[in-house]
Amino acid sequence: MIRGLIDRIVLLSGWRRCGLAFLMGALASFALPPYDFFAVAFVAFPVLVWLLDGAVDNAGSGPIRRLVPAAIVGWWFGFGYFVFGLWWIGNALLVDAANFAWAIPLAIFGLPAFLAFFYAFAAVIARLIWSDGIGRIFALGLGFGLAEWLRSFVLTGFPWNAIGYAAMPIPVLMQSSVIVGLLAMNILAVIVFAMPAVYNAKQGRIAGLAVALILIIAHVGFGVFRLSTADIKLDGPHIRIVQPSISQDLKWDAEARRGIFDKYLAMTAEEPAEGKVKPQIIVWPETAVPYILTKTPEALQAIADNLADGQTLLAGAIRMEEPGGAEEPLYYNTIYTIDSSGEITGAADKVHLVPFGEYVPLESILRKIGISEVVELPGGFSAASVRRSLEVISGFSVLPLICYEAIFPGEMFYQGAAANAIVNVTNDAWYGDTPGPYQHFRQAQLRAVEQGLPMVRAANNGLSGVVDPYGRIIDALALNGVGVIDAQLPGRVELPWGEGVHTVQFLVVLIMVLIVALGYFLRGRRRVG
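Heads up, the sequence shown is in this note's numbering, so the first residue is 329 and it goes up one at a time.
Keep in mind that a hint or two might mislead.
Stated by the list, open to error - DEER-style ranges, computed between Cβ atoms:
no. : residue 1 : residue 2 : range
1   : A594      : I839      : 38 to 46 Å
2   : M648      : G438      : 48 to 56 Å
3   : A546      : D424      : 56 to 64 Å
4   : M648      : L846      : 52 to 60 Å
5   : E655      : W825      : 18 to 26 Å
6   : S668      : V836      : 21 to 29 Å
7   : M648      : V371      : 14 to 22 Å
8   : E602      : D424      : 36 to 44 Å
9   : P683      : G390      : 33 to 41 Å
10  : P683      : M329      : 44 to 52 Å
11  : E656      : E598      : 23 to 31 Å
12  : A597      : P657      : 29 to 37 Å
13  : F741      : P683      : 20 to 28 Å
To be verified - 27 Å max Cα-Cα, derived DSS-like pairs, lysine-lysine:
no. : residue 1 : residue 2
14  : K530      : K579
15  : K591      : K561
16  : K591      : K604
None of these hints come from the bench; they were simulated from the model. Source: prediction; values computed, not measured. We treat Cβ as the ideally placed atom computed from N, Cα and C, and that holds for glycine.
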């Protein structure tokens, strides 16, 4: 019965093949937060393999035409995956529906349609060295590994919901990322998820099962071992995270501005709960301050009035820089450090801006046809040229990540003093009660593991939390909750390979998988010959 079903899948054509590919991509998206039902990937990827088995054209066709059926299958799989995984982006445009409602279909379907071309590329690469049995599973892992690598930087990159995250839903399964990194995990995850497809192979079924079991045992076993031997000391500063859950449509309302600011101040000055220590550092979310602080000294004074002696505020704000003359001011998405006297002691500007959210690519062309950034400022935001650590208090520096900067594992390099923690400030209120904030939190959680640093995450409406260097949540606030988190930070941990070497691991895994896939492909060619 199962073999008959597989044969029917392989022989599908036309809209039926495309429709099933779309449904399998949609199914795979449920392996991601907030569902974390990773078992569905063990169905979606084998079906994708069988669809690619049947994605062939006439032998007499040219080399490019022979790859078109595979590209179509890969594209439809990607389209389903990204539509169901990213539909919530359209919610951001409802905040100012009068101006941006027309773009909702582009957000829900246009972006997924573009991202799906990366998975079309993955299918084409795999099909170039396709073979029988286990070889094609390695070819598919190779294709997706290259596609996810490209997705991390092409057109500034958007590696949101990379396949590897589906294999790391809980801390015990996150530990492998310190060994191989996300890019290599993308390859290995696809290989494991797709391995049930060897069921219909004439040979290699036992070898395929063995490979999958070895990878799973190593993945789980290393996680169990690392967490069981973890030695965490709560010896860092005491911090407070403020989560006020300000509605996005009020954030820049001039009449609501003072009330919003007063809410932040009141929550900052709250006495700690019984048994908690007065915090040394208070963290506000992204763009929390509804004023240009350098132009509003009374706001700085109000902050000083609500900070106890020795306390420091980390506040998300918009920083304005005036070049002088006839030049327009520059605006930066910034994290300020402000001491208890109300003095700004440091600032870290966002390096990686959101296309169409904070700036318009090809601005001179697209503005003429009415396309502007969602957060409108004259000329949009400007980006910092380099990421720098930010000293918060004496001897304690942080790696500042603003909003979706936390989804780029390859952009964690920085200048300055060694960081003692990651601070990720964000405003996920744009996306409402959707999967978006959960996905964002999970990706930030993985950066803590990869960097061996505790993470402080302050989100306007959630998910805010404190995460230890092993990805375990020390404390957190629910989505749309209002409150503060008071916690002491743990110290950093040493990484097995040191910092900044995950590119090497990616290349090693990529080459090994390529050798296996090519070996099976060439052996199959010799048999045919």
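Evaluated hints:
no.	hint	result
1	A594 x I839: 38 to 46 Å	violated (57 Å)
2	M648 x G438: 48 to 56 Å	violated (33 Å)
3	A546 x D424: 56 to 64 Å	violated (49 Å)
4	M648 x L846: 52 to 60 Å	holds (55 Å)
5	E655 x W825: 18 to 26 Å	violated (46 Å)
6	S668 x V836: 21 to 29 Å	violated (50 Å)
7	M648 x V371: 14 to 22 Å	violated (52 Å)
8	E602 x D424: 36 to 44 Å	holds (43 Å)
9	P683 x G390: 33 to 41 Å	holds (36 Å)
10	P683 x M329: 44 to 52 Å	holds (49 Å)
11	E656 x E598: 23 to 31 Å	violated (40 Å)
12	A597 x P657: 29 to 37 Å	holds (32 Å)
13	F741 x P683: 20 to 28 Å	holds (21 Å)
14	K530 x K579	violated (62 Å)
15	K591 x K561	violated (33 Å)
16	K591 x K604	holds (21 Å)
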